[in-house]
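Assemble the complex: chain V is given as a structure, and chain G must be docked to it using the hints.
There are 2 protein chains.
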Amino acid sequence: MSRAIELAANNVEKMNGGPFGAVVVKDGKIIAEAGNRVLSDNDPTAHAEIVAIRKACEVLGTYQLENCEIYASCEPCPMCLGAIYWARPGKYYYAATRDDAADAGFDDSYIYKELPRQPHERSIKGIQIMQEEARDAFKRWKNSVKEIPY
Amino acid sequence: MSRAIELAANNVEKMNGGPFGAVVVKDGKIIAEAGNRVLSDNDPTAHAEIVAIRKACEVLGTYQLENCEIYASCEPCPMCLGAIYWARPGKYYYAATRDDAADAGFDDSYIYKELPRQPHERSIKGIQIMQEEARDAFKRWKNSVKEIPY
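These protein sequence lines map, in sequence, to chains V and G.
Numbering-wise, the numbering used here puts 90 at position 90 of the first sequence, and it's gapless, one number per residue.
Numbering-wise, the numbering used here puts 1113 at position 113 of the second sequence, and it's gapless, one number per residue.
Treat the hints with caution; some may be incorrect.
No farther apart than 35 Å at their CA atoms in a straight line, the calculated lysine-lysine pairs in the DSBU-like style are these [as the list claims (entries may be wrong)]:
| id | chain 1 | residue 1 | chain 2 | residue 2 |
| --- | --- | --- | --- | --- |
| 1 | V | Lys113 | G | Lys1125 |
| 2 | V | Lys91 | G | Lys1055 |
| 3 | G | Lys1125 | V | Lys125 |
| 4 | V | Lys14 | V | Lys26 |
| 5 | G | Lys1142 | V | Lys29 |
| 6 | V | Lys55 | V | Lys125 |
| 7 | V | Lys91 | V | Lys125 |
Just so you know, these hints were derived from the structure itself, not from any lab.
So here's chain V without its partners, still in its complex pose (with noise of 0.2 Å):
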C-alpha cells in the first residue's frame, strides 16, 4: 500500500492525472503498477486501477487476476469496482475513501449514487431501443459456446 500512496503522491507532481495509484501483487510481489493517466493518456478510463489490471493482465498473459491481490490508494470508483470484479482477484485493498475522493472535487461518490437509479432516471440518462434485435447475439453466444469462463 505504501508503494500506491507514493504512485499517488507522485502523480500530483507529474500531474499525470489525479491523485490515485495502485499496484497489483502476486505471491508477495508487485507484478504491475501504475498512476491515473486521465490527464496525460487523454482518456478518462485510465485509472489507476483500471491501468493496473491492463498491465498485470499482460505480464500474466490472462485476462484473470486470481490469487493477486489490489491495493488502491482510494477505495475503486465503480468503474475500477466493476473491473476488480471482472478480473476477479482475492481480494483488494484500500486506503482513502470515496468521501476523501469527493471532497477533493473527484466524482466518485456521486457515481456510487447515481448507479442504483434506473438508466433513465439518471442524470446521464440510458435510453433502450431495439431489445429484440440485440438479443440474437446472445443466442449465437449461447449456442457457440460451450465453456469459456469469462
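The following block gives chain G in isolation, referenced to the frame of chain V:
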C-alpha cells in the same frame, strides 16, 4: 444501434470476446466503434464501451465526450457505466439488458447487486488500511490544482 448490434454479432464469429458492441456518435456520425476484446487482448477491461470510449477520446484528443452519444448493444455493466460517467457523453442508448446478459452467462447483473454492499461484505472483499497516509496525496492535489475540470 444497428451498427453496435452488428459489431456484437460479428464478435461471436471472431471470438474476440463476448457478444457486445458499442459505437460513439458525434454530430450524427460514428467517430469510434468497437466489439468486446477481452479474449483477443487478454484484457478484462476491454469491454466494447471502454474500447470505443478510448478510441473516441483519441480521435477527439480529449478525455471528455461532451456532445457525443454512445450506443451499446447491451446495457452497460457497472464498469462501463462508470466509464460513461467519467467520459460525460450527453446520453447513451442500449438494447439488450443486464438480465439478457445474465441469461447468457455474464456477471453484469451480479456486479450491479454487489456494488451497494459495504466493501468488506462483498464477495470480492475490499479491506481498508492506511487511510491517513493516503489522504496526504489529496491534500497536495487540492493545494496544487486550482481548476482542472476532471
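Can you list which hints this structure breaks, lowest number first?
none
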